[in-house]
Structure formats: structure tokens, C-alpha cells
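Protein chains: 2
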Amino acid sequence: MLDKVLDAKSVAIIGASKIKTKRGYQAIKTLKADGYEGEIYPVNPKEDMILGLKCYKDITQIQGDVDLALITTPARTIPAILRKCGEKKVSGAVIIAGGFRELGEHGRELELEVVKAAQETGVRLIGPNTSGMINLKSNMNLVGIQNAPKGHIALLCQSGNMALTLITEATIRKHEGFTYYVGVGNESDIKFHEYLEFFRNDPETKSILMYVEGMSEGRKFLQEAHNTSLKKPIVLLKSGRSATGKKSAGSHTGSLAGMSEVAKSAYERAGIIVIDNSDELFPVAQTLSSQPPIKSNSIAILADGGGHATIAADLLTDYGINMPELSDKTKEKLRKILPEAASVVNPVDVAGGTDSDPNVFADCAKIIIQDPNVGGLLVVGLFGGYGIRFEESLAVGEEAAAHRFGAMIKKRRKPIIVHSLYSSYESHALDLLRHYDIPVHDSLDISCKCVASLCKYGNYLKSYHGKTNFVFDWRAKAKTEGQKIIDNAKKEGRNVLLEHEAKQLIKLHGAPTSVGQVARSEDEAWEIARKMKGNVVLKIVSPDILHKSDACGVLLNLSSANEVKKGFKQIIKSAKKYNADAEIRGVLIAPMAQKGLEIIIGTKIDEQFGPVIMYGLGGIMVEIMKDVTFWVLPVSSTSCKKMLGDTHSSILLDGIRGQKGYDKKTLRKLLSMCSELIESYPDIEEMDLNPVLLYENGLDVVDARIILKK
Amino acid sequence: MLDKVLDAKSVAIIGASKIKTKRGYQAIKTLKADGYEGEIYPVNPKEDMILGLKCYKDITQIQGDVDLALITTPARTIPAILRKCGEKKVSGAVIIAGGFRELGEHGRELELEVVKAAQETGVRLIGPNTSGMINLKSNMNLVGIQNAPKGHIALLCQSGNMALTLITEATIRKHEGFTYYVGVGNESDIKFHEYLEFFRNDPETKSILMYVEGMSEGRKFLQEAHNTSLKKPIVLLKSGRSATGKKSAGSHTGSLAGMSEVAKSAYERAGIIVIDNSDELFPVAQTLSSQPPIKSNSIAILADGGGHATIAADLLTDYGINMPELSDKTKEKLRKILPEAASVVNPVDVAGGTDSDPNVFADCAKIIIQDPNVGGLLVVGLFGGYGIRFEESLAVGEEAAAHRFGAMIKKRRKPIIVHSLYSSYESHALDLLRHYDIPVHDSLDISCKCVASLCKYGNYLKSYHGKTNFVFDWRAKAKTEGQKIIDNAKKEGRNVLLEHEAKQLIKLHGAPTSVGQVARSEDEAWEIARKMKGNVVLKIVSPDILHKSDACGVLLNLSSANEVKKGFKQIIKSAKKYNADAEIRGVLIAPMAQKGLEIIIGTKIDEQFGPVIMYGLGGIMVEIMKDVTFWVLPVSSTSCKKMLGDTHSSILLDGIRGQKGYDKKTLRKLLSMCSELIESYPDIEEMDLNPVLLYENGLDVVDARIILKK
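From first to last, the protein sequence lines are chains S and R. In terms of the working numbering, the first sequence is residues 1 to 710. In terms of the working numbering, the second sequence is residues 1 to 710.
One or more of the hints may lead you astray.
Which copy is meant is left open, because identical chains are indistinguishable; a pair holds if it fits in one copy or across any two.
Within a straight-line C-alpha distance of at most 30 Å, the following computed DSSO-like cross-link-like pairs (lysine-lysine) qualify [unchecked claim]: (1) K54 to K565; (2) K573 to K411; (3) K462 to K264; (4) K84 to K604; (5) K20 to K576; (6) K479 to K410; (7) K9 to K84; (8) K626 to K573; (9) K660 to K576; (10) K604 to K665; (11) K22 to K336; (12) K709 to K220; (13) K664 to K231; (14) K565 to K9; (15) K660 to K569; (16) K660 to K577; (17) K573 to K664; (18) K531 to K604; (19) K89 to K54; (20) K479 to K507; (21) K577 to K333; (22) K220 to K642; (23) K566 to K490; (24) K462 to K88; (25) K336 to K20; (26) K46 to K533; (27) K150 to K565; (28) K477 to K467.
Hint data in this document are derived by calculation from the structure and do not stem from the laboratory.
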């Protein structure tokens with residue numbers, strides 16, 4: 001669908017210019033210089049010829065078809081130009097100008113006008129507020145970055161500077177480059193997920209590299225990403241995590257940066273390799289586009305000295321990658337070709353065994369990579385620099401080894417990654433490795449991160465769950481009685497359900513909870529309490545008191561008539577003292593819950609991804625350790641298995657120190673019930689089940705709060 | 001003291017050679033090529049002249065003084081050679097050969113022999129198992145790494161490959177280099193702390209860069225580091241953290257890699273900037289040697305585009321650095337020189353304001369750096385590349401700006417750090433910045449880490465505590481009665497104190513604990529219990545049962561005569577069932593402790609640093625969240641204030657959700673008491689106070705375990 005836009009056969013430059021510093025000049029110059037394969041049509045009412053090309057007064061005067069318009073004129077001119085483009089039946093337009101929603105209300109109105117013009121004319125928009133786009137396959141360079149290297153990575157970026165950074169890095173690193181670059185800008189028409197779909201279907205694109213500050217259609221993006229990750233890896237850096245970072249992202253593209261925990265977990269569930277560190281973005285994308293994923297979560301290290309091996313082993317351990325023991329056969333073979341001081345366990349240290357002949361690296365590599373315990377090979381140290389560091393003649397052995405590495409990577413479907421501290425020197429051996437699509441890095445840290453990413457992607461492919469989906473089936477299983485509870489609250493002008501209403505609603509959907517009964521007098525309180533087995537708890541019922549404890553509106557563990565009646569009076573008194581105007585509906589009497597493991601569950605509507613659920617252990621685990629996990633809804637009882645494993649403290653669910661475990665199955669059912677509930681009642685904005693007490697068998701939702709959309 | 005070794009005026013090469021691939025040839029060649037200022041004496045019984053220099057049969061035949069011997073001969077030859085060196089009154093020797101303790105028992109014996117020869121002859125040793133050393137001030141290059149750049153960093157390294165990596169990196173990065181490189185090797189004579197002391201007193205050394213796998217005299221090192229950090233920063237990477245990493249470090253230099261938590265906290269208390277990521281080692285050392293530390297923990301960002309600023313703000317927030325609001329005056333001034341779309345809050349985004357004149361960067365920088373809220377300036381983006389990316393003529397403006405940056409850094413004592421994605425291109429403006437000692441990085445992540453390190457060092461200088469010391473005053477406050485308890489256990493052949501003995505010992509030193517009494521019969525049990533107020537707890541007393549709970553040897557909360565007597569019998573029975581051969585001394589009767597906040601305190605003897613203490617909250621906080629902190633002893637009640645702040649969960653001590661706080665003062669006193677105890681009784685190997693129950697007022701050590709050295 002975006003073919004005519006991203007693979008345009010003809011481009012009109014609206015705002016073409018003869019002035020060298022203008023974008024309208026540079027774009028034409030670059031298209032010509034790079035050898036763009038399509039037609040170029042300069043448009044400017046004041047010029048006849050620009051750079052040897054006929055210049056048109058108006059886009060409608062061009063005789064041939066125009067697939068794409070590059071518009072370099074200011075913001076206010078865009079709506080009118082788009083209508084002209086529509087007349088000419090242009091498929092797409094790249095809008096460079098800033099000055100839209102990122103500048104506030106006035107800009108936002110102008111942007112809406114632009115989007116309206118696009119929708120009415122059918123012209124699809126890249127941007128506005130973008131540095132442009134490049135199709136490196138057809139040399140359609142609409143950005144003016146020179147010498148951008150071609151390759152197999154599609155670059156999707158929300159910052160022109162980050163695109164420039166990544167393209168510059170690719171140039172310096174050599175060998176791998178890009179199929180496309182798209183600056184999504186304000187993403188006001190074409191969205192992230194549409195580009196993603198296009199790249200998924202592009203046969204030359206092997207991996208997709210993204211820099212995201214915020215996205216407007218997060219849920220559709222997740223669905224597309226989930227589909228895409230099976231076919232090719234997506235590597236993504238999400239910035240704007242911090243408050244100040246958010247401010248800066250906000251003033252940049254005007255997009256909404258969402259909660260980082262939500263975004264990260266959502267992206268990862270969709271199979272995306274999320275990167276925290278911008279240095280790693282390009283190398284990881286490069287590695288993933290050239291190396292097979294590692295499904296065994298294991299790697300062997302081959303080193304020519306202790307230091308690098310030690311650091312690499314530290315890092316890989318931090319990343320949770322196994323460094324498996326080598327087989328006896330492997331060790332024996334290595335022992336035969338290496339000196340006595342060598343270490344033939346993993347990491348393998350040649351200890352001088354390559355000093356006089358670096359080709360021994362290839363001998364070792366071949367032995368190690370055949371070991372069935374080993375998922376791939378990481379070479380660390382000086383390889384590629386023996387000719388530089390020691391003796392020029394050693395370069396020949398290195399080159400011979402490089403060819404053999406190339407043969408190995410073709411034969412076995414195991415990745416090879418090379419760290420060399422000579423990677424920025426002129427080294428023919430390293431160039432040969434690059435020729436064979438073996439990534440070469442000068443950073444140990446990045447090399448290890450690349451290994452970790454291959455494992456992460458391999459783990460995803462292995463554990464991929466076809467049923468995972470991010471589509472929400474609103475009103476799926478709503479119940480008439482449930483809707484009545486909500487409608488009733490709305491009728492009364494409330495956006496908060498009272499505790500017993502919230503409990504009734506979740507009980508309707510199968511959640512284990514004691515709703516209790518509302519008493520309107522002391523006597524009624526005791527009447528209700530008397531019928532309950534064991535002690536009771538009393539809680540104030542008032543639409544005006546959200547935080548019951550703050551109003552001293554909760555009393556626990558009451559048993560006698562005297563206690564209950566006194567308690568009733570006390571609660572009413574405290575509530576009135578807390579808020580004299582509060583409408584008091586009575587006191588909720590509920591059975592006192594047994595002690596259990598405290599769990600907290602919550603849902604909210606995330607700005608980018610819509611409904612999400614939070615799960616964690618209650619008390620200090622959530623309040624101090626922030627040991628909670630966020631998942632995008634919907635979730636099923638089965639998918640929640642993984643969710644429970646996402647927090648450190650979940651280990652308590654299995655019972656520690658010889659204690660019995662807890663009823664995880666019922667807990668998972670409760671989580672999927674929450675998912676169902678949010679799907680069923682679109683009126684719900686937020687829900688808190690806190691605490692939920694979990695037992696060896698069953699659980700009890702002790703308090704529930706539901707807030708409706710206003 | 002090491003002057004004659006590290007600043008040697010004459011070097012003998014023992015094992016000098018005419019064969020080009022031999023170290024004994026390369027060393028002489030490099031010394032001559034680099035222009036070593038001292039005398040060079042080749043030594044080899046079989047040669048007369050090497051590389052134009054007279055060759056001596058034997059070191060004793062050299063007529064002039066010899067300060068240093070470089071010994072390139074195999075391990076087994078070393079002891080005899082050292083005795084010859086002693087005869088010649090050589091001050092030091094660099095021993096290249098491997099084959100000592102890193103190769104096991106046989107090598108260990110040879111190494112002891114080498115150390116003995118050194119001690120008897122007074123020759124100080126660098127190594128063995130080292131790549132050598134370089135004094136860049138006198139061009140004494142005993143390693144053979146060519147073109148190592150000179151500068152102000154002293155490099156102290158336990159891996160030759162890491163040294164090569166760092167020297168290579170310095171060469172690529174330009175401008176900053178080294179005063180010395182020392183490969184400590186097996187550290188069998190001269191220790192880390194001795195080198196440190198030497199570098200502290202070297203006026204040309206501005207920072208010290210260390211790569212450590214393990215050290216043999218950790219405590220002396222900490223003391224020296226503490227003294228050094230006040231004068232110049234130490235930057236350190238500790239590797240060998242992981243098990244596999246440890247294996248690799250072990251086979252490399254044979255040194256003992258200690259527990260990473262202990263090492264990291266110890267180093268940081270001594271003011272060392274500990275680095276986790278090897279990519280950051282050199283840039284951080286470079287930054288710390290050229291820029292003033294930041295004492296306000298704050299920075300301003302100046303960017304020419306949103307993406308870089310957003311990422312930088314994210315990272316700095318992660319590192320806990322403040323990005324303060326700029327003053328109204330600053331904002332007003334910036335507003336005057338920047339376009340409307342610019343952001344004049346921190347991060348400042350020029351939004352095209354430098355496109356036609358990059359000198360505007362310097363205008364902005366000058367305004368920002370004058371702001372009193374701001375501790376330093378981080379410039380991120382394209383600076384230095386305007387002439388490359390856009391238009392050659394813009395380079396002039398960049399150069400003008402660079403000169404002004406240079407003037408700024410001289411005038412104000414505020415650091416400037418520049419991130420430029422053109423840092424590996426030929427850019428005169430960036431070279432000018434380097435000339436003015438302004439660090440230029442191509443990585444945003446590393447730039448931010450450098451800012452964080454300046455803040456960390458500034459914070460250390462600000463909070464430096466003169467009383468901190470790492471010297472242990474063994475037997476400082478031992479008490480006769482205390483020693484008696486220990487001696488008694490030893491006399492009985494036990495290396496574990498019984499619970500009541502351990503409690504008696506800590507009580508002697510002032511710890512609040514109820515020792516209880518040991519009952520030998522049911523009746524005695526009730527006799528004792530009756531006199532205690534409230535309920536009691538019964539615990540088995542047996543030198544053969546260390547884990548009382550495992551043996552069902554603990555009963556809680558007993559009150560009546562019947563309960564206590566029955567309990568006594570039950571415990572004895574369980575203990576016998578658990579271990580029929582156990583010597584049972586009776587049952588300890590102690591008052592049942594009130595509920596309180598569970599704390600765990602432990603001490604142990606760390607391999608590298610000696611006695612250390614662990615503190616944390618008990619239960620799941622220690623068992624699952626591993627939220628504990630380790631400090632090297634001794635600690636004082638005052639220094640423990642900071643210690644309590646080291647764990648996340650310590651926030652509970654202050655009371656949360658309106659709860660009252662706990663008695664931190666008594667807790668600190670208990671920690672310093674533990675310190676005193678370990679100092680006083682060198683027999684103690686390990687101590688566990690677990691749990692300690694902490695109250696609003698006071699605390700109770702409920703269980704105590706002390707293990708003695710065997």
C-alpha cells in the first residue's frame with residue numbers, strides 16, 4: 001500500500017530552488033548526484049530551469065505521473081499544496097516543515113488541517129516535522145545525507161539527528177547499511193505500524209532498526225511487530241523515559257512518551273529486541289541481520305589473553321547467557337594444538353598459541369563450533385591486528401583464518417562474532433570477515449550485547465506464542481447485571497464504584513471475593529455481622545470518600561455485638577469529621593479475611609498502548625522495591641504464567657524455606673478475569689484489587705476499587 | 001621508594017638477543033627507537049654486540065650502575081638471575097616469564113623461591129607474568145607497544161591485553177595518553193598499593209586508571225586509595241565477577257577474585273570511581289584527569305536536536321544526576337539569540353539556531369555556564385561536523401566557537417564535555433577542543449557516564465571523611481571474660497560458639513540481647529521459664545547441631561508449665577532423631593521476643609579485604625531481593641549512617657505510610673559493636689546476628705552464631 005510512496009518512480013520537489021543553502025536545491029542535487037532511477041520534477045512558480053531540469057509552475061502542470069512530492073515550503077502553505085497534490089493524484093508527500101503540534105495549540109490546529117487535507121485527497125503523508133526519507137535501493141535520497149551506505153537494515157526514526165548518527169556509524173563501521181530510512185516526524189498520517197508492515201514485506205530488508213520517542217497507535221504497532229518479529233528482527237531504542245527526557249521529547253516531536261515499564265514489556269512481548277543504550281543500536285541490528293539467532297542461549301568464547309575473556313564472561317553472565325562446558329572431545333582436540341598454558345575450558349584462551357601463526361584461531365574455532373553444547377562463537381582480543389601489533393608477515397595467517405571463518409559461517413548455522421581492538425585500523429583480515437558478513441566490533445561490551453541479542457531473539461522464536469494478540473474485543477463478555485452497576489453509578493454522576501459495587505462486578509465474572517452487606521444502622525450492622533462466620537471488618541461507604549483509611553473509615557477484626565455496634569458509630573463519626581459534606585450511605589460489613597500472601601493487581605489505560613495490567617506482591621515489594629510487572633491487555637490465564645515469572649518476588653508463590661506454595665492457578669484465573677472485565681466494560685478507566693490475599697488454596701479479593709472514565 | 005625502579009636511569013636486558021622475534025631483541029630496539037634517556041645494557045653470555053650496543057656476559061660485569069633489569073628468560077632461570085642482580089645492587093627487575101602460580105602447585109613453589117630471592121637481595125620485582133612496564137616520561141618502553149601516547153594517566157593493569165586495548169584506544173581518541181604503564185602480573189613482590197603511592201606522588205600523573213582481577217593486599221590498597229583519591233582520581237574496572245569470569249581470571253594471573261559486592265563497596269568507600277563497562281574506562285579517566293569535578297551533582301545539556309538531548313537526559317536521570325532548571329535570566333538571554341522553536345529549558349535545544357553560524361554554540365554555552373544552578377555543560381550532537389555535514393564554510397564558525405570553549409574552561413572551574421558524532425572524522429574544531437583539554441566523545445552513553453563520574457568524584461570530595469580508615473587494630477578492646485568464652489570452645493575442640501555463648505560475648509560488648517539460661521531437665525526448664533516475664537522460646541543446645549530449625553530444635557511462644565516441660569522433652573527427642581550422635585547440652589530457655597522489624601547482620605573474612613560486615617533487612621529482602629550491603633571493617637557508629645542508606649529497604653527504618661520509625665541509633669551502635677568485636681577477637685571467622693528485631697526504641701538480638709577460625 002505504501003509502495004508508491006516509499007518506492008516512488010517519480011518525485012516532485014515542491015519548493016525547488018536555485019539557492020544552494022535551500023533544501024529545495026540540495027534535494028535535487030542529491031537525487032541527481034546519487035543517480036535516482038526515477039523522474040525528478042522541480043516545482044517553483046518563479047523558475048524555469050533548476051540544475052538542468054525543467055521547472056514547473058505548479059504540480060498539476062507536470063505531464064507524467066507523480067508518485068511522491070517532497071514539500072519543502074513552510075507549515076502554513078501545506079494544506080493548499082496537498083490539495084494540489086490530490087488533484088494530480090500524487091500517492092504521497094514528505095513534509096519537512098516543523099511548526100505543528102510540537103509548537104502548541106495553534107500548531108496543533110494547523111496539523112489537523114493538514115491531516116484533513118490528506119484524508120480528503122488520499123495523499124499519504126510522511127511527517128510533518130521530519131528530516132525526510134531515503135530509499136537506498138533506488139537512490140531516492142530526500143534527506144541530503146551523503147554516502148549513506150546500502151545494506152539490509154530498514155531505519156525508522158523519530159529524530160533526524162539519531163538517523164544521522166546511525167548512518168554515520170554505519171559508514172564508519174563499514175560493510176552493513178540500509179534499505180530505507182524514514183523519518184516518521186509527527187507521525188500524523190502514516191503510522192509506525194504501516195511502515196513496519198511495508199518493511200516486513202520488503203525482501204531486501206533483513207532487520208528493522210527503530211528509534212522511538214512515543215507512538216500514537218501503540219496497539220496496532222504491537223500487533224504488526226508481533227507478526228514481523230517471526231520473519232525478521234526488530235531492534236528498538238525507546239527514549240524519553242525520564243521526566244526531563246520526556247520534556248525534551250515533548251518539545252521535539254510533540255509525541256507522548258509513555259510509561260517506560262509498560263512500553264518495554266509490551267515491546268518485548270511482541271518479540272522486539274529493546275535496547276537501552278544508543279551505542280548498541282546499530283551493532284545489534286547489524287548482528288541480527290547477518291547472524292542466525294541462538295536458540296540454546298549459549299556461547300563459547302575464544303580469546304588470546306585472559307583480560308578480554310574475563311570481561312566477556314562477566315558480561316555474558318550478567319546477561320544470563322550460558323557458557324557451557326566443552327565436550328571432552330573438544331577439549332582433547334584443542335589440547336593437541338595449543339600450548340600447555342592454554343585454557344581449553346570455556347572461555348578458551350590460546351595463551352600464545354596463535355603468536356607465530358594466527359591461522360590457529362581458525363583451527364580452534366572449527367573445533368569449538370562443532371561442539372554440540374555450543375550455540376555460537378565469540379572471538380575476543382587481537383585477531384586482525386597481529387600484522388599491526390607484532391610482525392607484518394603474520395597478516396597472511398590472519399587472512400587465511402578469515403577465509404576459513406567465512407567458510408564456517410556458511411556451513412554451520414551458528415553465529416560468529418568477532419571483537420578486535422584493531423577494528424578501526426586498516427586490516428585486510430577484518431575486512432574479509434566483514435565481507436563474509438561476520439560482525440567485527442571494537443567494543444567488548446557491545447560484542448557481548450550482540451551475543452545477548454542473538455540469544456534473546458532465538459528465545460523469542462523458540463517460545464513464540466501464536467495466540468498472543470494485542471487486539472481488544474470491546475464489550476466481549478459484558479453482563480447485563482454488570483453494566484447495570486456501572487450505569488447506576490453514572491446515573492448518579494459518580495465516576496467511582498463503591499467498594500461493594502466493584503466487588504459485585506468482579507464477582508459476577510467469577511472473582512473470589514466476599515462482597516459483604518451495607519448496614520445503615522448499628523442494629524442492622526450487628527444483624528449482618530451475626531450471620532457471618534468469624535470476625536468481621538467494617539468500612540465506610542461513601543461516594544465522597546475514596547481513601548477509606550485516611551478517613552479512619554476501616555475497622556478490622558470485630559466480633560461481639562458491642563464491638564460491631566460501637567464500631568459502626570465510630571466509623572460514621574470519623575467519616576463526618578473527615579468530610580462534613582460527604583454523602584454517607586452506610587457501613588459495609590464483610591467477613592474478616594484470613595492471613596495470606598498479599599498481592600496487588602491494577603489496570604489502567606496507557607496513553608500509547610491502551611489497557612494494561614499491573615501485577616506484583618503487595619506491601620514493601622511494591623511500595624519500596626517497585627517489583628511489579630506491566631502487561632498490555634488482553635492476557636489469558638496461560639499467558640499469565642510468564643507474567644508471574646516477571647517479578648523477583650514471585651518466587652514466594654512457590655513457597656520458600658520449606659513453606660508450601662500458593663494457588664497460582666486461581667491467581668492466573670483472576671488476572672485473566674481482570675482482562676475480560678476491562679474488555680467487557682469500556683467505561684472502566686482504572687481498577688485496583690489491593691490487597692488480594694492468596695492462599696494455598698484459593699484467594700480473596702479483600703478490597704476493590706473501580707474508577708470510570710469521565 | 002620505587003623511584004629507581006619506575007624512573008630507572010639505566011636498564012639491563014637479561015636475555016638480550018639478535019633474533020628479531022625475541023622479546024630480548026624487541027625491547028632493545030624499542031628503547032633505542034623511542035629515545036630512552038638512560039643507559040641500555042644488553043646481557044647475553046653468547047653475544048658481543050647487539051643492535052650496536054656492547055653486550056655483557058653477565059650483569060655483574062657492567063661497569064656503570066644498573067637501576068632496573070628486564071628479564072626475558074624462562075621461569076626456572078629467574079632465582080639465580082635475581083641473585084646476580086642483587087650482587088650488582090640492581091633496584092628492580094621486570095620479570096616477563098609466565099609459568100608460576102597460575103600453572104598450579106609446582107609454579108607456586110617456584111614463585112615462592114623467586115620472592116625469597118628478591119627479599120634476600122633487596123631487588124624489587126614487577127611481575128612475574130607481566131607484559132612489562134613503560135615510563136613514557138623517559139621513553140623507557142619495556143613492552144614494545146609502539147607509539148603509545150604520552151599524557152597524564154598512569155595505567156596499572158593486571159592484563160597485558162587490556163593495557164594494549166587502553167593504549168590503542170588512547171591512540172585512536174587522540175590528545176590524552178599516559179605517564180606510566182605497569183603490568184602488575186602476579187603481583188608477587190611490588191603490590192598494587194605501592195604503585196598507587198608512587199603515582200600519587202608523581203606530579204605529572206593526573207589520574208590513575210586500573211584494571212584489576214584480584215589483589216593480594218586489598219586492605220593496604222584501600223588505605224592508599226583513600227589517601228590518593230583526595231589528590232587525584234582513581235578509575236577502576238574490577239573483572240572476574242562471574243563464576244566463569246573468575247575461572248578465566250584464575251587461570252590468567254592466578255590471583256583471587258573476591259566477592260564483587262564487597263570489592264565494589266570497598267573501592268567506592270575509598271573514593272575510587274568504579275567502572276562496570278570496559279568501554280568507559282579510558283574516557284572516564286581522560287575526563288577526570290582534565291576536567292574539574294562537579295560538586296553540585298548537576299549538569300546542563302546543550303543540543304542541536306531533540307534525539308540526542310532526550311537520550312542524554314534519560315541516561316543522566318538513570319545515573320541520578322540533576323538537570324536543574326535554568327534561571328530566568330539565562331532563559332531570557334538564550335531566547336534572544338535562538339529561534340522561536342528552540343527549547344531554552346534544560347536540555348537546551350537550539351532547534352536550527354546554529355545552522356547558519358555554529359559560533360552560536362559558544363554564545364549559548366557562555367550563557368548557560370554562567371548560570372549558578374549549573375555544575376557543568378554537556379554539549380551533544382553535531383558540533384565539529386557542520387563543515388562536514390552541511391557546508392564547508394561553516395567550519396570557520398565551529399573553530400571560532402572551539403576557541404571560545406577553550407577560554408571558558410580556563411575561566412570558570414566548570415567542566416565541559418562534548419559529544420560529537422563526527423569525533424572520528426578529521427575536524428579541526430574538535431582537535432581544537434582536544435587541545436584545550438575538552439574531552440570529545442562519539443558515544444552519548446559514554447559522555448553521560450563521564451558526567452556521572454565527575455559528579456561521583458565531586459560528591460566524594462565533598463563528603464570525604466578524614467576519619468575513614470581501613471586499618472584494623474587487632475585485639476583492640478578484647479575482654480578477659482570474652483576471650484575466656486572463645487578459649488573454652490577451642491579447648492573443647494569446637495569452632496562454633498553455642499548460641500548462649502555467642503550471646504554472652506556480644507552482651508559483654510553492649511549488645512541488647514536476652515541470653516537466657518540452659519536447662520538440663522524438664523523441671524529446670526520450667527524453673528527458668530517461670531522467672532521470665534511472658535512467654536518463652538526453647539532451643540536445643542548442642543555443638544553438633546548448627547542449624548537448630550532443621551533439627552526441629554526450636555519451639556516458640558510457650559507459656560504454661562505443661563507446655564514448657566512437654567517442649568523440653570520434644571526438643572531433646574527431635575535432636576536425637578536428627579543426629580543420634582549429637583552431644584546434647586540441654587535446652588536454652590529465653591524470653592520470647594516482641595515483634596519488630598527483622599534485620600540481619602553478618603561478618604566474614606573476605607579473601608582480599610579481610611573482615612567485612614553485611615547489613616540488610618531480613619526475610620525476603622535478603623533471601624530474594626538480595627538487598628544487602630557489604631562494608632569493609634572497621635566501621636564507626638557515625639559511618640554506619642551511610643551504610644544504612646545503602647539498601648533500598650532501609651527506607652522502612654524511617655517508617656512508611658504514617659508508621660513510626662525505628663531506633664536507628666541503637667542499630668548503628670550494634671553495627672559498630674560488631675566491628676569492635678571482630679577487631680577484638682581475631683579468632684572469629686564469621687558472625688551472624690539473625691534475626692535482630694528492631695523496635696521504635698531499642699532492639700533485641702534474637703539469635704547469634706559465631707564461628708571460629710580452624
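Here's how the hints hold up against the structure:
1. Taking CA atoms no more than 30 Å apart as the test, K54 paired with K565 passes in neither setting, with 93 Å inside one copy and 109 Å between copies.
2. In this assembly of identical chains, the alpha carbons of K573 and K411 never lie at most 30 Å apart, being 81 Å within a copy and 67 Å across copies at closest.
3. Taking the closest pair of Cα atoms, K462 and K264 come within 30 Å of each other only inside a single copy of the chain (20 Å); across copies the shortest separation is 37 Å, beyond that limit.
4. In this homomeric assembly, K84 and K604 never come within 30 Å of each other (Cα to Cα): the closest approach is 44 Å inside a single copy and 80 Å across copies.
5. For the homomeric pair K20 and K576, neither the shortest alpha-carbon distance inside one copy (75 Å) nor that between copies (96 Å) is at most 30 Å.
6. In this assembly of identical chains, K479 and K410 lie within 30 Å of each other by CA distance neither inside one copy nor across copies; the values are 59 Å within and 73 Å between.
7. In the homo-oligomer, the alpha carbons of K9 and K84 lie at most 30 Å apart inside one protomer (19 Å), although the nearest pairing across protomers, at 83 Å, exceeds that limit.
8. For the homomeric pair K626 and K573, neither the shortest alpha-carbon distance inside one copy (36 Å) nor that between copies (45 Å) is at most 30 Å.
9. For a Cα distance limit of 30 Å, the shortest separation of K660 from K576 across copies, 26 Å, qualifies, whereas the shortest one inside one copy, 44 Å, does not.
10. In the homo-oligomer, the alpha carbons of K604 and K665 lie at most 30 Å apart inside one protomer (23 Å), although the nearest pairing across protomers, at 42 Å, exceeds that limit.
11. For the identical chains of this complex, K22 and K336 are inter-copy neighbours only, at 25 Å across copies versus 67 Å inside a copy, given an alpha-carbon limit of 30 Å.
12. Taking the shortest alpha-carbon separations for K709 and K220, only the intra-copy value of 22 Å comes in at or below 30 Å, while the best inter-copy value is 64 Å.
13. Within a single copy, K664 and K231 get their C-alpha atoms no closer than 34 Å, and across copies no closer than 57 Å, so neither meets the 30 Å cut-off.
14. Within a single copy, K565 and K9 get their C-alpha atoms no closer than 83 Å, and across copies no closer than 96 Å, so neither meets the 30 Å cut-off.
15. When the C-alpha separation of K660 and K569 is checked against a cutoff of 30 Å, the pair qualifies only between copies, where the shortest distance is 27 Å, while the shortest distance within a copy is 41 Å.
16. For a Cα distance limit of 30 Å, the shortest separation of K660 from K577 across copies, 24 Å, qualifies, whereas the shortest one inside one copy, 45 Å, does not.
17. Neither within a single protomer nor between protomers do K573 and K664 lie at most 30 Å apart by alpha-carbon distance, with minima of 41 Å and 37 Å respectively.
18. With identical chains, the CA atoms of K531 and K604 are never at most 30 Å apart, being 37 Å at best within one copy and 58 Å at best between copies.
19. In the homo-oligomer, the alpha carbons of K89 and K54 lie at most 30 Å apart inside one protomer (20 Å), although the nearest pairing across protomers, at 89 Å, exceeds that limit.
20. Taking the shortest alpha-carbon separations for K479 and K507, only the intra-copy value of 12 Å comes in at or below 30 Å, while the best inter-copy value is 66 Å.
21. For a Cα distance limit of 30 Å, the shortest separation of K577 from K333 qualifies neither inside one copy, at 83 Å, nor across copies, at 53 Å.
22. Within a single copy, K220 and K642 get their C-alpha atoms as close as 22 Å, which meets the 30 Å cut-off; across copies the closest is 48 Å, which misses it.
23. For a Cα distance limit of 30 Å, the shortest separation of K566 from K490 qualifies neither inside one copy, at 33 Å, nor across copies, at 63 Å.
24. In this assembly of identical chains, the alpha carbons of K462 and K88 never lie at most 30 Å apart, being 49 Å within a copy and 69 Å across copies at closest.
25. In this assembly of identical chains, K336 and K20 lie within 30 Å of each other by CA distance solely across copies; the values are 28 Å between and 67 Å within a copy.
26. In this homomeric assembly, K46 and K533 never come within 30 Å of each other (Cα to Cα): the closest approach is 90 Å inside a single copy and 102 Å across copies.
27. Taking identical chains as interchangeable, the C-alpha atoms of K150 and K565 are never at most 30 Å apart, the minima being 80 Å within one chain and 86 Å between chains.
28. Proximity of K477 to K467 under the C-alpha cut-off of 30 Å is restricted to the intra-copy arrangement: shortest distance 19 Å within a copy versus 68 Å between copies.
The earlier numbered hints that this structure contradicts are 1, 2, 4, 5, 6, 8, 13, 14, 17, 18, 21, 23, 24, 26, 27.
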